[in-house]
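Numbering that gives the first Met the number 0 numbers the first residue of the sequence shown as 0 and each following residue consecutively.
It should be emphasised that the hints constitute simulated quantities derived from the structure, not laboratory data. Computed from a predicted structure; not experimentally measured. Idealized CB from N, CA, C, for every residue including glycine. Where hints are given, some of them may not hold.
[Stated by the list, open to error] Using C-beta positions, here's what the derived DEER-type ranges look like:
1. GLY115 with ALA183: 35 to 43 Å
2. PRO155 with ALA76: 38 to 46 Å
3. ALA164 with ARG67: 22 to 30 Å
4. GLY73 with TRP149: 36 to 44 Å
5. SER77 with PHE162: 28 to 36 Å
6. GLY151 with HIS105: 42 to 50 Å
7. ALA76 with TYR189: 35 to 43 Å
8. GLY110 with ALA190: 19 to 27 Å
9. HIS99 with THR147: 38 to 46 Å
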Amino acid sequence: MTDQTPMVPGPSESEPEDFPDDIDLDDDYDTEDEGEEDAGPPGPVNWYLLRADVLEKEWYALNRWVERLRRTYGLPASVIPPFWHRHDELVWELSALHLHWLCAYHPEQDGSAPFGWHRDFADARARLREWVAASGTRLDRDRPTRQTAWPGEEPPEPVEDVFVADRDRDFVDYVAAQVAERRAAEDAFYAGADVDPDTGEVLG
0 MTDQTPMVPG PSESEPEDFP DDIDLDDDYD TEDEGEEDAG PPGPVNWYLL RADVLEKEWY
60 ALNRWVERLR RTYGLPASVI PPFWHRHDEL VWELSALHLH WLCAYHPEQD GSAPFGWHRD
120 FADARARLRE WVAASGTRLD RDRPTRQTAW PGEEPPEPVE DVFVADRDRD FVDYVAAQVA
180 ERRAAEDAFY AGADVDPDTG EVLG
């Protein structure tokens with residue numbers, strides 16, 4: 000779907016007034032650089048491998064689509080909670096569903112593809128309910144998904160609910176932090192520092 004690089008791994012209709020000005024929020028199919036021919040339906044997005052600038056655009060594209068999806072189908076917070084962006088399991092599930100939708104409704108796709116997407120959408124809703132129930136995220140509050148420590152690992156930090164008054168503000172701040180972290184990992188990589196291949200964190 001977008002330009003990806005294997006070198007630097009790393010961890011709405013209503014939009015806040017300070018959404019970045021350079022984010023294109025108008026075209027879900029705008030996946031090619033200017034001057035490139037349409038290469039057909041988009042390929043998978045690997046969130047670990049996106050460059051910082053591409054990561055930011057993917058976050059806002061997914062956020063816009065999820066907003067549209069929840070309103071179109073009247074989805075409750077038990078399926079898509081406001082703070083889905085803070086839970087990796089929900090991000091990957093929704094990202095896969097978004098890409099499936101883009102492919103199903105791509106002009107080069109055959110006419111029966113949308114029916115297949117709706118069938119898979121039903122399966123995805125069941126998984127989303129399971130992820131949401133397990134994570135404990137709610138309509139007006141959020142908490143990190145609980146982690147189970149394996150033998151020899153340090154026990155995880157206590158998990159507490161955090162009240163969030165402004166979801167859009169939380170999303171903007173969260174994405175900014177993610178992009179800054181990815182950009183720091185890129186800078187460290189190009190500077191010759193050791194970068195964890197699984198998390199993108201700078202070592203040493």
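A quick look at each hint next to the structure:
no., hint, verdict
1, GLY115 with ALA183: 35 to 43 Å, "holds (41 Å)"
2, PRO155 with ALA76: 38 to 46 Å, "violated (25 Å)"
3, ALA164 with ARG67: 22 to 30 Å, "holds (24 Å)"
4, GLY73 with TRP149: 36 to 44 Å, "holds (40 Å)"
5, SER77 with PHE162: 28 to 36 Å, "violated (19 Å)"
6, GLY151 with HIS105: 42 to 50 Å, "holds (47 Å)"
7, ALA76 with TYR189: 35 to 43 Å, "holds (41 Å)"
8, GLY110 with ALA190: 19 to 27 Å, "violated (51 Å)"
9, HIS99 with THR147: 38 to 46 Å, "violated (30 Å)"
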